[in-house]
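Throw the hints in and build the complete structure from the sequences for me.
For the record, the sequence lines run as chains H and R. Each residue of the first sequence is one higher than the last, beginning at 1 in the working numbering. Each residue of the second sequence is one higher than the last, beginning at 1 in the working numbering.
The hints are simulated quantities; they were obtained by calculation from the structure and are not laboratory data. Backbone N, C-alpha and C fix where the C-beta goes; we use that ideal spot for every residue, glycine too. Just to be clear, a hint being listed does not mean it is correct.
DMTMM-like cross-link-like pairs, simulated, lysine to aspartate or glutamate; straight-line CA separation at most 20 Å [as the list claims (entries may be wrong)]: (1) H:LYS395 / R:ASP80; (2) H:LYS327 / H:ASP424; (3) H:LYS85 / R:ASP38; (4) R:LYS47 / R:GLU113; (5) R:LYS143 / R:GLU61; (6) H:LYS395 / R:GLU61; (7) R:LYS143 / R:ASP122; (8) R:LYS137 / H:ASP322; (9) R:LYS143 / H:GLU26; (10) H:LYS78 / R:GLU30; (11) R:LYS137 / H:GLU163; (12) H:LYS395 / R:GLU110; (13) R:LYS143 / H:ASP424; (14) H:LYS395 / H:GLU377; (15) H:LYS351 / H:GLU377; (16) H:LYS395 / R:GLU9; (17) R:LYS143 / H:ASP23; (18) R:LYS49 / R:ASP115; (19) H:LYS84 / H:ASP100.
Covered stretches of chain R, as calculated for chain H (at least 3 residues, CB under 8 Å) [what the hints assert, rightly or not]: (20) 55 to 69; (21) 124 to 130; (22) 133 to 144.
Some, not all, of what chain H presents toward chain R, calculated at C-beta under 10 Å [said to hold, decoys possible]: (23) GLN50; (24) HIS131; (25) GLU149; (26) VAL226; (27) GLY229; (28) TYR266; (29) VAL375; (30) GLY378; (31) PRO401.
Next come the chains, spelled out residue by residue.
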Amino acid sequence: MGMSVVEKILARASGLPAVAAGDVVEPKVDLAMSHENAALVINQFQEVFQGTGQAPTVWDPSRIAIIFDHRVPAESPKTATNHKKIRQFVAANGITKFHDVRGDVGGICHQILPEYGYVRPGFVVAGTDSHTTSHGALGAFSFGVGATEMASAWALGIAVNIEVPATIKVVVSGTFPPMVGPKDLILHLIGLLTAQGANFKVLEFHGETIRQMSTSGRIAICNMSVEAGATSGIVPGDGETVRYLREEAGVTDAIDCVTPDPDATYVRTVEINVSALVPQIACPHMVDNVKPIDQVLGIPVQQIVIGSCTNGRLDDLAAAADILRGKKVAEGTRMLVFPASSKIFAQALDKGYIHDFMRAGAVVMNSGCGPCLGVHEGALGDHEVALSTTNRNFKGRMGNPTGEVYLCSPVVAAASAITGVITDPRKG
Amino acid sequence: MPKVILALENDISTDDIYPGRFMATVLPTETPQFAFFDRTDFNASLKAKAFPPGSVIVGGENFGCGSSREQACSTLKGYDLAVVARSISRIFLQNSINLGLQVVICPGIEATEGDDLEITADQVRNHSTGKVYDQVKLPAARKGIMDAGGLIAYTRARLLARG
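See below:
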């Protein structure tokens with residue numbers, strides 16, 4: 001019987017000729033990613049070694065990546081002290097894939113990993129962040145874990161006792177209409193599947209629309225696969241994957257794309273044609289509460305957020321800047337921009353997008369997670385409404401349980417910034 | 001007999017259980033103070049030790065969806081609570097097993113606050129309504145971790161076996 005992409009990757013990483021959904025395997029981990037929560041991983045890691053007589057030693061420092069992004073620069077002495085503790089651990093263990101709070105090589109973990117070529121097709125990637133699903137965009141099996149599971153991986157170099165997930169095949173056809181794109185596709189899919197429709201399963205993306213999609217767009221759809229509960233989203237590696245890794249990430253060594261068998265087993269197939277898709281909005285307080293934009297037009301918005309691991313890449317910023325150029329952010333609305341990495345920030349500066357945003361009245365922030373998880377840099381006031389290109393709108397998500405967050409694409413966010421209400425960019 | 005101390009709707013997120021603004025607090029000894037922080041009365045009752053160990057939170061579908069933050073489990077484990085839900089999001093389920101937080105998947109569960117619940121090996125009995133519900137067995141692969149008392153002890157044993 002044939003295997004899906006993830007089954008093939010897990011078979012190879014586990015040293016087995018074949019695996020099927022439900023099998024229990026212990027794959028080698030090719031890359032283990034953490035951010036600020038490495039502070040907890042370190043604590044759990046040291047506890048693992050207590051009483052063993054062994055010194056706490058990571059299995060392979062070259063396969064560990066730590067990127068500061070959730071609270072950068074530190075918003076509190078507590079975070080600054082966590083940063084300090086992690087830096088000491090990084091130095092003591094010789095961890096080289098470390099990205100500190102910096103304006104040259106810093107950024108959001110889910111952008112840094114692809115940008116620096118840390119992820120390759122066929123890799124098993126574990127990350128202490130639920131949006132680790134992002135890296136399926138490069139043909140890897142990439143999934144979120146908790147801090148203790150990461151501590152176990154740091155010690156053993158494997159993911160212990162995991163079940164091979166079943167796979168849902170998503171076939172996407174058609175051409176996106178103007179002002180409609182990957183973010184609208186993934187919001188539409190999450191609405192179809194529901195927030196738990198892919199729980200314990202993989203979303204494997206196929207079809208002409210996916211093949212023609214840039215890696216940036218693929219990252220957006222894999223990033224948000226977890227909002228349907230998916231263990232991982234994955235786009236089987238192809239010519240675009242190789243182009244991205246060679247041209248944009250500077251990878252020079254061999255790239256081995258893994259593709260599914262023609263007779264692979266899928267628990268479900270979902271087919272979507274995007275040719276008639278309209279801009280999609282996820283309404284408070286669940287990501288699967290998705291509506292076509294015409295049902296939410298005119299809702300007043302106090303805060304616009306463009307950026308994040310979902311939609312903070314150069315094409316996202318370009319699309320937003322094209323709409324905002326020469327215009328002004330509405331009075332009573334504030335707009336925050338968070339490029340996904342320092343490299344993207346610099347590119348957006350060179351292209352003039354940063355000036356476009358600033359002249360329009362937007363505040364451009366350093367790369368990082370910003371207000372997405374409600375820590376700092378843009379909390380909502382009581383009963384305020386945000387329209388954001390980020391990936392979650394749970395109650396309290398932007399730091400205030402009385403606030404409301406709507407999720408959308410960069411062009412919807414930009415068009416709405418000008419009017420101060422949710423606005424259809426096709427009619428701007 | 002354990003009582004239901006909180007009965008919740010579907011899709012309870014980790015932002016609800018442990019708001020993101022407290023994520024700089026990581027140690028299991030320190031996270032319990034922020035459990036369900038924005039449910040002010042419930043948080044106050046937890047901190048006042050109003051509920052005996054073993055008390056139960058009942059959830060609907062997709063309990064624990066969202067972030068991979070392990071604080072959402074350690075914050076409940078700190079009060080020795082149990083979770084019974086119709087379904088549980090993957091990462092939350094795995095984190096609970098890894099930390100030894102008792103979680104039970106019970107697709108038919110119906111209970112309201114104050115009900116007396118008995119969790120047996122494969123069922124949940126609501127003594128207040130007289131109804132009995134089947135559990136969905138946790139994946140067999142998880143048993144080794146549970147039997148070891150959590151993933152830290154399990155990993156330690158694997159390290160020692162490796163020599």
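Each hint, compared with the structure:
1. H:LYS395 / R:ASP80: violated (26 Å)
2. H:LYS327 / H:ASP424: Within the cut-off at roughly 16 Å; holds.
3. H:LYS85 / R:ASP38: Judged against 20 Å, a Cα distance of about 29 Å means the pair is violated.
4. R:LYS47 / R:GLU113: holds (18 Å)
5. R:LYS143 / R:GLU61: violated (23 Å)
6. H:LYS395 / R:GLU61: At roughly 17 Å apart (the allowed maximum being 20 Å), GLU61 of chain R and LYS395 of chain H satisfy the hint.
7. R:LYS143 / R:ASP122: holds (14 Å)
8. R:LYS137 / H:ASP322: violated (53 Å)
9. R:LYS143 / H:GLU26: Answer holds: LYS143 of chain R to GLU26 of chain H is near 15 Å, not above 20 Å.
10. H:LYS78 / R:GLU30: Between LYS78 of chain H and GLU30 of chain R the Cα gap is close to 13 Å, so the pair holds against 20 Å.
11. R:LYS137 / H:GLU163: holds (14 Å)
12. H:LYS395 / R:GLU110: violated (24 Å)
13. R:LYS143 / H:ASP424: violated (51 Å)
14. H:LYS395 / H:GLU377: Cα-Cα ~18 Å, so holds.
15. H:LYS351 / H:GLU377: Roughly 25 Å separates the two Cα atoms, so the pair is violated.
16. H:LYS395 / R:GLU9: Given pair LYS395 of chain H, GLU9 of chain R holds - Cα atoms ~13 Å apart, limit 20 Å.
17. R:LYS143 / H:ASP23: Between LYS143 of chain R and ASP23 of chain H the Cα gap is close to 15 Å, so the pair holds against 20 Å.
18. R:LYS49 / R:ASP115: Since the Cα atoms of LYS49 of chain R and ASP115 of chain R sit roughly 19 Å apart, the hinted pair holds (cutoff 20 Å).
19. H:LYS84 / H:ASP100: The given pair, whose Cα atoms are some 10 Å apart, holds under the 20 Å limit.
20. 55 to 69: holds (count 7)
21. 124 to 130: With 0 residues close enough to chain H, the hint is violated.
22. 133 to 144: As far as the region 133 to 144 of chain R goes, the hint holds, because 5 residues have Cβ atoms under 8 Å from chain H.
23. GLN50: Where the cut-off is 10 Å and the nearest Cβ of chain R is about 8 Å from GLN50 of chain H, the hint holds.
24. HIS131: Holds - the Cβ of HIS131 of chain H comes within 10 Å of chain R, reaching about 9 Å at its closest.
25. GLU149: Given a least distance of 6 Å, the restraint on GLU149 of chain H holds.
26. VAL226: holds (8 Å)
27. GLY229: Where the cut-off is 10 Å and the nearest Cβ of chain R is about 6 Å from GLY229 of chain H, the hint holds.
28. TYR266: The hint is violated - TYR266 of chain H has no Cβ within 10 Å of chain R, the shortest such distance being about 19 Å.
29. VAL375: Nearest chain R Cβ about 5 Å off; hint holds.
30. GLY378: At 12 Å from the nearest chain R Cβ, GLY378 of chain H fails the 10 Å test, so the hint is violated.
31. PRO401: With Cβ-Cβ at 4 Å, under 10 Å, it holds.
In the structure shown, a violation is registered for the earlier hints numbered 1, 3, 5, 8, 12, 13, 15, 21, 28 and 30, in ascending order.
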